[in-house]
Amino acid sequence: MSERATLSKDEVRSLFVAYQSATSEGEKLELRGRLVDQHIGLVEFLARRFRNRGEPLEDLVQVGTIGLLKAIERFDLEREVEFSTYATPTIVGELKRHFRDKGWAVRVPRRLQELHLELTKVVGFLGQELGRSPTVAELAEAASISEEEVLEGLEIAQAYNFTSLDAPIDTSDGGTTSFADQLGTEDEHLEYLEYRASLAPEMAKLPERERRILYLRFFKGMTQSEIADKLGISQMHVSRLLNRTLMSLREALEEE
Amino acid sequence: MEKISIRIPASPAYLQVVRLVSAGLATRLKFTLDDIEDLKIAVDELSAYFTGAQGRDGTIQVDFLIDDDHIEIRGAGNFAPGQKVRTDLTEFSQMILDTVADEASLEQLDGTPTFRLTKSRKQ
Chain A
1 MSERATLSKD EVRSLFVAYQ SATSEGEKLE LRGRLVDQHI GLVEFLARRF
51 RNRGEPLEDL VQVGTIGLLK AIERFDLERE VEFSTYATPT IVGELKRHFR
101 DKGWAVRVPR RLQELHLELT KVVGFLGQEL GRSPTVAELA EAASISEEEV
151 LEGLEIAQAY NFTSLDAPID TSDGGTTSFA DQLGTEDEHL EYLEYRASLA
201 PEMAKLPERE RRILYLRFFK GMTQSEIADK LGISQMHVSR LLNRTLMSLR
251 EALEEE
Chain B
1001 MEKISIRIPA SPAYLQVVRL VSAGLATRLK FTLDDIEDLK IAVDELSAYF
1051 TGAQGRDGTI QVDFLIDDDH IEIRGAGNFA PGQKVRTDLT EFSQMILDTV
1101 ADEASLEQLD GTPTFRLTKS RKQ
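Quick mapping for you: the protein sequence lines, in order, are chains A and B. Under this note's numbering, the first residue of the first sequence carries the number 1, and numbering increases by one thereafter. Under this note's numbering, the first residue of the second sequence carries the number 1001, and numbering increases by one thereafter.
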């Protein structure tokens, strides 16, 4: 990066005014470059907080810069807030998302990953709003995408890989928790008694959460949406875990 | 009643295509997401008997029959001689299919392994 002049708050503000009112593409680019230079230090500072996670710092700075660019695009001068304050969550969000993306078991194009994340959200709130599972047409309309894209997004859910019980999952209030925290304890031993007796030993080898989902779906007859509500995870997460479990059980059966 | 047919190599890698066609047609029938997911599980469960975990030498013909609110999926395996294909459902498969499909069966018809499943839109 080139030598950076440190501008005062007012100077940053006037730079934004100039940027937002710029009409020519060249002028916009030039002003945006100056805004980026001005704040790259913030990006580097934030990126350093993530450097112990096995990713080169330079890559993290690049990722953070994407967040910075988004923040520059969206910054509203009407707000009585300094740009750096406004940009910080966007940059951190971009960095977190970068690590979350690493959770994909199969290399999935970013467009599809984002589609999946968007759909997960829409499925959740539409389900709440409608009080039933939404249709594809309803999902497509709510997410402003085509029905084909919805189907693609649902199918790609199967490639997503949460390997650890401690993997973060989004909660409805926008925070994160881990699956381990979500596992209920209510009468579990009692609950599983009836099906342990009737099932192949393979089932007993399953991780607790997979067993629980299997139990709720096929023994209790709860729908995927209902299970998602009960466990506080997304319906698409339930779908993926269920499919993965069934696949592993089929394979186990064949090896017999 | 309309019929849509596909033929895939008997490999698990192509089950995604069957799932996507199933989901696409269920979408036309205005199935809910839960029902679409169930349909995909059902077709996966049955098709897996034909593909096995490693794939088999042969093809699977899958016919989809749809009307206003109902879909029927029929599969028929066409395998090279000597391929052993199981045509009785395990107890566990039966339980899964009872939950996710209206009707489901696996049988040998004139020497050809076949499956059939149906599902209707819930009102």
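Incorrect hints may have been included.
As the list claims (entries may be wrong) - Footprint (simulated), chain A over chain B, 3 or more residues, beta carbon under 8 Å:
1. 1013-1023
2. 1027-1033
3. 1045-1055
4. 1093-1105
Hint data in this document are derived by calculation from the structure and do not stem from the laboratory. What you are looking at is a predicted structure, and each value in this text was computed from that prediction instead of being measured. Beta carbons: idealized from backbone N, C-alpha and C, even for Gly.
Results for each hint:
Counting residues of the region 1013-1023 of chain B whose beta-carbon sits less than 8 Å from any beta-carbon of chain A gives 4, enough to reach three: the coverage restraint holds. Chain A is given as covering the region 1027-1033 of chain B, and this holds because 5 residues of the stretch bring a CB closer than 8 Å to a CB of that chain, at least three being needed. Figure legend: the region 1045-1055 of chain B, annotated as covered by chain A; annotation consistent (4 residues with Cβ-Cβ distances under 8 Å, at least 3 required). For the region 1093-1105 of chain B, the proposed coverage by chain A is satisfied: 3 residues have a C-beta within less than 8 Å of a C-beta in that chain, meeting the threshold of three.
Checked against the numbered hints above, the structure breaks none of them.
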